[in-house]
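Listed below, chain by chain, are the residues.
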Amino acid sequence: MKKITLPLSPEDARTLQAGDEVLLTGTLYTARDAAHKRICELLAAGSPLPFELEGATLYFVGPTPAQPGRPVGSAGPTTSTRMDAFSPTLIAHGLRGMVGKGDRSPAVVEAMKAHGCVYFAATGGAGALIARCIKSSELVAWEDLGTEAVRRMEVEDFPVVVAIDCEGNNLYHTGPAAWARESERRGGGRMKPLGVAGRTPGQGG
Amino acid sequence: MRTIHSDAIVSAVAEICQEAAFRLPADVRRALEEARGTEKSPLGLSILGQITENADLAERERVPMCQDTGVAVYFVELGNEVRIEGLGLAEALAEGTRQGYTEGYLRMSIVKDPLFERVNTKTNGPPVVHVELVPGDRLRITLAPKGGGSENMSAMAMLKPLVGKEGVAEFVVETVRRAGGNACPPIIVGLGLGGNFERAPYLAKKALLRKLGSVHPDPRYAAFERELLERVNATGVGPQGLGGRTTALAVHIEAAPCHIASLPVAVNLNCHAARHASVEL
Ligand code: SF4
Chain F
739 MKKITLPLSP EDARTLQAGD EVLLTGTLYT ARDAAHKRIC ELLAAGSPLP
789 FELEGATLYF VGPTPAQPGR PVGSAGPTTS TRMDAFSPTL IAHGLRGMVG
839 KGDRSPAVVE AMKAHGCVYF AATGGAGALI ARCIKSSELV AWEDLGTEAV
889 RRMEVEDFPV VVAIDCEGNN LYHTGPAAWA RESERRGGGR MKPLGVAGRT
939 PGQGG
Chain X
32 MRTIHSDAIV SAVAEICQEA AFRLPADVRR ALEEARGTEK SPLGLSILGQ
82 ITENADLAER ERVPMCQDTG VAVYFVELGN EVRIEGLGLA EALAEGTRQG
132 YTEGYLRMSI VKDPLFERVN TKTNGPPVVH VELVPGDRLR ITLAPKGGGS
182 ENMSAMAMLK PLVGKEGVAE FVVETVRRAG GNACPPIIVG LGLGGNFERA
232 PYLAKKALLR KLGSVHPDPR YAAFERELLE RVNATGVGPQ GLGGRTTALA
282 VHIEAAPCHI ASLPVAVNLN CHAARHASVE L
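In order, the protein sequence lines correspond to chains F and X. Numbering-wise (this note's numbering), the first sequence opens with residue 739 and increments by one. Numbering-wise (this note's numbering), the second sequence opens with residue 32 and increments by one.
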């Protein structure tokens, strides 16, 4: 298990590879889609941001309220696709790391490759466990967003996996593909799809 | 007639909101443990280890196992000999939800309007309520809080009846594959078959409430559930969508009669934080 200090150095960002299990220690900023939208608006207007984006790592999280005596409530990752529309802009402005869950869009991966940014997957639904790694949490901006406000978090040994590295290797593609082959070798899912005509495509969400 | 005062409903509901958030049901906990026995991906094993450790920690320290404490979805069995005094049933459930989510430091995740006023209601209400009238003088309330991640990846389709079992299986596998890591696998797949356009998703959600490890009473569906589980796990999606043998812990089916021209299919995915809690008054 690799130990990585935040803010992520450009060298660390380049050496991390998809599939690496990593423990993160240092500073993270939290932001979900509402905060991303505001950050992009400020960038478009050329206005200063409430925190230094250059070299920063963002954690996509909306914690539960902190119980008395605790720095933070339950704090696992949210689905990253909602940030896909904004991430390329942030990456172009120096964002070096992102922590969330689930696959990213091709445009995000391209931006990561162009600028040397890493995407880490934290375990979705492990909010209590992750909260234990968060030593402090302090409001940075946009209190009106409630759980979605931007916070600075100091974390210690936060367990994550490099899901997409800055060469664009993507564990969301290679991992399942490898294990589907393993299953096939074992004769799993024996009954193969036949290709049925007339299926109505499902609508997610 | 038996009279139940809404105060009793409010406090019981406030209690189960917190129980559900803090304590993973024993059947889910057991299924996760079993998955650790069969998973072969080292990363998958490490993730399953985090998930079980998280569940234990949440229960011990009474903190929410997941920060997305969800939409409060209630399944109510209301005895036809019960009279509710005070607040109406829907109001009592909403008030219990507000109290439970406030006292438990749970996350309020509901906005007032889907399009024009995405402003947090700060009560986690209104909840989603399904009421079934049953004989007797009991009131049974089951809460199944549902997070956005797995709910957003759920899907519904009106298939042509001729596609049969195979068409349904393809739709299920495709939905799980498309969900990937977003639904926080290992997942539980609720499959609602038949009924009509609005009934199939209800059946799918209801199917998620069945105990893991239980067998469908109809042997044909029991066999179909086993086949679907095998095919879903053959996708290799794995824990958190990063690859492995454990994509789903179970596939549960609820079927209902339907129109001669229809085959409604709904797939409701639930994450490993498959929370629910019940109370009987
Ligand atoms: S899908 Fe479930 S486990 Fe994952 S973040 Fe949402 S509620 Fe939590």
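Everything labelled a hint here was simulated from the structure, so no lab data went into it. Idealized CB from N, CA, C, for every residue including glycine. It cannot be assumed that every hint is accurate.
Stated by the list, open to error - The list that follows gives simulated cross-link-like pairs (lysine to aspartate or glutamate, EDC-like), each with its CA atoms no further than 20 Å apart:
id : chain 1 : residue 1 : chain 2 : residue 2
1  : X       : 71        : F       : 920
2  : X       : 71        : F       : 759
3  : F       : 873       : X       : 148
4  : X       : 71        : F       : 758
5  : X       : 143       : F       : 882
6  : X       : 143       : F       : 920
7  : X       : 71        : F       : 922
8  : X       : 153       : F       : 759
9  : X       : 143       : F       : 771
10 : X       : 153       : F       : 922
11 : F       : 775       : X       : 148
Stated by the list, open to error - Which chain F residues face chain X? A few, computed with CB under 10 Å, are given here:
id : residue
12 : 747
13 : 778
14 : 806
15 : 819
16 : 884
Against the structure, the hints:
Taking the CA atoms of residue 71(X) and residue 920(F), the gap is near 10 Å; set against the 20 Å cutoff, the hint holds. Taken as a hint, the residue 71(X) and residue 759(F) pair is honoured in the structure, with Cα atoms around 16 Å apart against an allowance of 20 Å. The suggested pairing of residue 873(F) with residue 148(X) is violated, with an alpha-carbon distance near 35 Å, which exceeds 20 Å. This hinted pair checks out: residue 71(X) and residue 758(F) have alpha carbons roughly 17 Å apart, not beyond 20 Å.
About 15 Å separates the Cα atoms of residue 143(X) and residue 882(F), which keeps this hinted pair within 20 Å; it holds. For the proposed pair residue 143(X) and residue 920(F), the alpha carbon gap of about 47 Å is over 20 Å, so the pair is violated. A threshold of 20 Å between alpha carbons decides the hint, and for residue 71(X) with residue 922(F) the separation of about 14 Å falls inside it, so the pair holds. Proximity of residue 153(X) to residue 759(F) is assessed by CA-CA distance (about 37 Å); at most 20 Å being required, the pair is judged violated.
Our distance criterion of 20 Å between C-alpha atoms is met by residue 143(X) and residue 771(F), whose separation comes to about 18 Å. With a C-alpha separation of about 49 Å, the suggested pairing of residue 153(X) with residue 922(F) is violated against the 20 Å cut-off. In summary, the hint linking residue 775(F) to residue 148(X) is supported, as the alpha carbons are separated by about 17 Å, within the 20 Å threshold. Given the 10 Å rule on beta carbons, the hint for residue 747(F) is violated: about 25 Å separates it from the nearest Cβ of chain X.
Look at residue 778(F): its Cβ only gets to about 18 Å from chain X, farther than 10 Å, so that hint breaks. Annotation: interface hint on residue 806(F) holds; nearest CB of chain X at approximately 9 Å, less than 10 Å. About 7 Å separates the beta-carbon of residue 819(F) from the nearest beta-carbon of chain X, less than 10 Å, and the hint is met. Evaluation of the residue 884(F) hint against chain X yields a held restraint, the C-beta minimum of about 6 Å falling below 10 Å.
Consistency note: the structure conflicts with the earlier hints numbered 3, 6, 8, 10, 12, 13.
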